[in-house]
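Visitor: Put together the whole structure using the sequences plus the hints.
In order, the protein sequences belong to chains A and B. Under our numbering, think of the first position of the first sequence as 23, with each following residue one higher. Under our numbering, think of the first position of the second sequence as 3, with each following residue one higher.
Because the hints were derived from the structure by calculation, they are not lab data. Just to be clear, a hint being listed does not mean it is correct.
Think about it this way: if two alpha-carbon atoms lie no more than 27 Å apart in a straight line, the pair counts; the simulated DSS-like pairs of lysine-lysine are [as the list claims (entries may be wrong)]:
hint: 1; chain 1: A; residue 1: Lys195; chain 2: B; residue 2: Lys106
hint: 2; chain 1: A; residue 1: Lys195; chain 2: B; residue 2: Lys72
hint: 3; chain 1: B; residue 1: Lys319; chain 2: B; residue 2: Lys309
hint: 4; chain 1: A; residue 1: Lys128; chain 2: B; residue 2: Lys72
hint: 5; chain 1: A; residue 1: Lys195; chain 2: B; residue 2: Lys155
hint: 6; chain 1: A; residue 1: Lys210; chain 2: B; residue 2: Lys72
hint: 7; chain 1: A; residue 1: Lys195; chain 2: B; residue 2: Lys96
hint: 8; chain 1: A; residue 1: Lys210; chain 2: B; residue 2: Lys103
hint: 9; chain 1: A; residue 1: Lys210; chain 2: B; residue 2: Lys109
hint: 10; chain 1: B; residue 1: Lys106; chain 2: A; residue 2: Lys210
hint: 11; chain 1: B; residue 1: Lys155; chain 2: A; residue 2: Lys210
hint: 12; chain 1: B; residue 1: Lys96; chain 2: A; residue 2: Lys210
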Amino acid sequence: MSFKNIRREDASRAVIVHGILLTYTLVALYPIFLVVINAFKTRKAIFRDPMGFPNAETFSLEGFTKVLAKSNFEVFFYNSFTVTVITIAIVLLLAAMAAWALSEYKFPGNTVLALYLAIGIMVPIRLGSVSILNLIVDLGLINTLTALVLVYVAQGLPLAIFILTEFMHQIPKDLKEAARCDGVGEFKIFFAVILPLIRPAVATVAVFTMIPIWNDLWFPLILAPGDGKQTITLGVQQFIGQYVTDWNAVLASLSLAIIPILILYLIFSRQLIRGLTSGAVK
Amino acid sequence: MADLKLDQIHKSYGAVDVLHGIDLDVKDGEFVVFVGPSGCGKSTLLRIIAGLEDITSGDLMIDGDLVNTKSPRDRGIAMVFQSYALYPHMTVYKNMAFGLKLDKQDKAAIDARVREAARILQLDQLLDRRPSELSGGQRQRVAIGRAIVRQPKVFLFDEPLSNLDAALRVQTRLEIAKLHQELKSTIVYVTHDQVEAMTLADKIVVMNGGNVEQVGSPMQLYHHPQTRFVAGFIGSPAMNFTNVRIDKVEPGKVTVSIPGGTPSVLPFDVDQNELGKQVELGIRPEHLSLGDGGELTVHGEVDVVEKLGDSTYLYLKLANGDHVTVRAPGHSRVKIGETVTASASAGAAHLFNGNGKAFAKVDCPAEYSADE
Numbered sequence: 023m024s025f026k027n028i029r030r031e032d033a034s035r036a037v038i039v040h041g042i043l044l045t046y047t048l049v050a051l052y053p054i055f056l057v058v059i060n061a062f063k064t065r066k067a068i069f070r071d072p073m074g075f076p077n078a079e080t081f082s083l084e085g086f087t088k089v090l091a092k093s094n095f096e097v098f099f100y101n102s103f104t105v106t107v108i109t110i111a112i113v114l115l116l117a118a119m120a121a122w123a124l125s126e127y128k129f130p131g132n133t134v135l136a137l138y139l140a141i142g143i144m145v146p147i148r149l150g151s152v153s154i155l156n157l158i159v160d161l162g163l164i165n166t167l168t169a170l171v172l173v174y175v176a177q178g179l180p181l182a183i184f185i186l187t188e189f190m191h192q193i194p195k196d197l198k199e200a201a202r203c204d205g206v207g208e209f210k211i212f213f214a215v216i217l218p219l220i221r222p223a224v225a226t227v228a229v230f231t232m233i234p235i236w237n238d239l240w241f242p243l244i245l246a247p248g249d250g251k252q253t254i255t256l257g258v259q260q261f262i263g264q265y266v267t268d269w270n271a272v273l274a275s276l277s278l279a280i281i282p283i284l285i286l287y288l289i290f291s292r293q294l295i296r297g298l299t300s301g302a303v304k
Numbered sequence: 003m004a005d006l007k008l009d010q011i012h013k014s015y016g017a018v019d020v021l022h023g024i025d026l027d028v029k030d031g032e033f034v035v036f037v038g039p040s041g042c043g044k045s046t047l048l049r050i051i052a053g054l055e056d057i058t059s060g061d062l063m064i065d066g067d068l069v070n071t072k073s074p075r076d077r078g079i080a081m082v083f084q085s086y087a088l089y090p091h092m093t094v095y096k097n098m099a100f101g102l103k104l105d106k107q108d109k110a111a112i113d114a115r116v117r118e119a120a121r122i123l124q125l126d127q128l129l130d131r132r133p134s135e136l137s138g139g140q141r142q143r144v145a146i147g148r149a150i151v152r153q154p155k156v157f158l159f160d161e162p163l164s165n166l167d168a169a170l171r172v173q174t175r176l177e178i179a180k181l182h183q184e185l186k187s188t189i190v191y192v193t194h195d196q197v198e199a200m201t202l203a204d205k206i207v208v209m210n211g212g213n214v215e216q217v218g219s220p221m222q223l224y225h226h227p228q229t230r231f232v233a234g235f236i237g238s239p240a241m242n243f244t245n246v247r248i249d250k251v252e253p254g255k256v257t258v259s260i261p262g263g264t265p266s267v268l269p270f271d272v273d274q275n276e277l278g279k280q281v282e283l284g285i286r287p288e289h290l291s292l293g294d295g296g297e298l299t300v301h302g303e304v305d306v307v308e309k310l311g312d313s314t315y316l317y318l319k320l321a322n323g324d325h326v327t328v329r330a331p332g333h334s335r336v337k338i339g340e341t342v343t344a345s346a347s348a349g350a351a352h353l354f355n356g357n358g359k360a361f362a363k364v365d366c367p368a369e370y371s372a373d374e
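Guide: Next comes the structure, spelled out in structure tokens:
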């Protein structure tokens with residue numbers, strides 16, 4: 023009897039939880055859905071029936087032709103992609119190594135250093151915009167992608183180190199010691215034993231790092247607004263005017279901008295599913 | 003293959019001393035087992051030999067080389083962990099070959115060594131599996147294989163059987179014993195299980211509280227424990243202890259009175275000034291038998307009866323409140339609440355002074371001696 027009640031309670035709880043999650047998913051996805059369907063409609067259709075699907079009458083690719091033909095879309099695209107990928111690579115490498123050092127080696131100031139790095143999570147980097155701009159100008163890096171990469175690396179590192187340190191703590195001590203007894207050097211232990219084991223964490227960090235960078239408008243606007251250095255989010259702004267906004271072009275370029283980040287996400291999210299250390303230790 | 007020498011090894015974590023000067027000689031090809039209760043320092047000592055812990059003071063020699071400051075990889079050791087510690091993302095083959103590959107050894111040589119180890123451990127069919135696809139016993143064999151392929155001077159085992167179930171533990175224990183016969187290698191093995199220690203070891207090192215209590219062959223420890231601790235730790239069920247008073251001391255003879263028993267003359271060399279003092283008498287359950295046939299008798303009420311089939315353990319409560327275990331034959335019909343008499347030969351007795359040190363036994367009968 024009591025079993026039945028528990029099961030019923032579980033079921034109703036599951037329904038509630040899934041209901042909430044589904045609602046949230048809809049709320050989050052609907053604007054993107056609107057962006058994509060309206061990108062394929064004529065200008066009039068966008069305003070007349072913004073919620074409707076494109077049909078034979080309203081279907082139009084004018085936004086895409088405008089974006090691809092009349093703007094440097096491929097340049098914006100290339101800039102965003104370069105900045106994101108290079109930043110992810112640097113953040114992952116540096117953060118993983120820092121996390122390994124913080125979690126594995128005992129040295130004076132270990133805890134203080136970990137705290138110092140964690141504080142970066144709580145302080146928004148935009149607060150330092152003015153000094154960052156000054157610094158970049160002094161370094162002569164204004165209007166370069168390097169400036170963006172540097173700032174994004176600084177922005178991404180604290181959270182990445184924090185997450186990876188936690189994951190590295192979970193790797194059984196025996197495994198590292200077994201490797202040491204096995205004659206494996208410290209660098210090799212890190213790259214050949216530890217990194218493969220924390221792949222899910224690395225993928226998580228990659229996703230956390232890449233999305234704000236891809237979507238960022240602020241730093242491209244102040245650090246690299248020049249011709250040929252604009253990222254997608256900044257490039258799209260040219261279609262948004264004070265009086266007239268070219269909605270076809272804006273929606274088309276936003277739709278296109280979703281594709282690469284979606285691909286990167288799919289690559290990383292496959293790693294998220296894999297188990298952490300199954301079979302390593304009992 | 004090599005010998006191992008520990009000279010006054012001390013280890014402390016901050017102000018806490020965990021090893022208080024360990025001296026030990028392990029000969030080439032010897033199977034040495036460190037045994038002791040949790041926290042006695044046996045694992046720490048093994049990790050010091052492996053190079054995973056620093057030595058606070060003292061010298062550690064492997065094959066004549068001082069290795070105090072050498073890293074594990076330069077010591078010529080291989081270690082098998084309780085948790086197996088296999089690389090989960092590598093197949094069995096790669097797990098065993100990993101260390102060798104990094105040593106930049108010849109591919110064919112690596113392959114030959116891995117296959118040889120796999121043959122010895124019957125892992126041939128499993129080389130392409132990952133650790134997650136193996137059972138506990140198979141994983142432990144892979145961990146042992148990973149140690150074998152390194153052809154180390156000394157094998158170190160850290161409680162390798164603790165994670166296995168009882169049946170598998172016995173089987174793997176036999177395999178380790180066979181392996182030692184086959185490889186003739188020096189092995190240092192840590193366990194808290196005295197049965198493993200007794201069955202595997204050439205030499206047992208009993209540790210307690212960061213000190214070595216006694217070093218000896220299994221039979222030496224069983225028949226001639228030098229301290230009360232060793233006497234209580236080795237043997238299952240544990241030795242019975244009860245307090246007795248020394249009534250009379252003669253050369254090679256001592257008379258004690260047992261509570262609820264008759265005064266007994268025991269063959270021990272005891273100093274005159276022990277006269278009248280309380281000492282501890284120890285007798286193993288298997289040396290006691292029902293009836294009053296022996297020189298040493300106890301009477302007590304049966305508290306608990308445990309029937310194991312081949313034998314029956316009777317737990318007696320003596321007049322002074324001490325408990326005594328007696329191993330009776332399997333067909334014994336003794337019931338709870340009965341008062342019985344059990345006795346042992348005087349040669350089976352052990353006597354320990356107030357500090358837990360054993361008194362020397364004289365004219366030890368062959369059945370109670372480790373001499374062959």
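Visitor: If a hint holds in the structure, say so; if it doesn't, say that too.
Guide: Hint-by-hint comparison with the structure:
In summary, the hint linking A:Lys195 to B:Lys106 is supported, as the alpha carbons are separated by about 26 Å, within the 27 Å threshold. The suggested pairing of A:Lys195 with B:Lys72 holds, with an alpha-carbon distance near 20 Å, which does not exceed 27 Å. With a C-alpha separation of about 18 Å, the suggested pair B:Lys319 and B:Lys309 falls inside the 27 Å cut-off, and the hint holds. Of the supplied pair hints, the one linking A:Lys128 and B:Lys72 holds, its CA atoms being roughly 19 Å apart against a limit of 27 Å.
Using a Cα cut-off of 27 Å, the hinted pair A:Lys195 and B:Lys155 holds, with the two alpha carbons roughly 24 Å apart. Between A:Lys210 and B:Lys72 the alpha-carbon distance is near 18 Å, which keeps this suggested pair within the 27 Å criterion. Between A:Lys195 and B:Lys96 the CA atoms are separated by roughly 20 Å; this keeps the pair inside 27 Å, and the hint holds. Among the hinted pairs, A:Lys210 with B:Lys103 is consistent with the structure: their alpha-carbon atoms are about 12 Å apart, no more than 27 Å.
Of the pairs offered as hints, the one joining A:Lys210 and B:Lys109 holds, with about 19 Å between alpha carbons and a cut-off of 27 Å not exceeded. This hinted pair checks out: B:Lys106 and A:Lys210 have alpha carbons roughly 13 Å apart, not beyond 27 Å. Proximity of B:Lys155 to A:Lys210 is assessed by CA-CA distance (about 23 Å); at most 27 Å being required, the pair is judged to hold. Restraint check for B:Lys96 and A:Lys210: satisfied, since their Cα atoms lie roughly 15 Å apart, inside the 27 Å limit.
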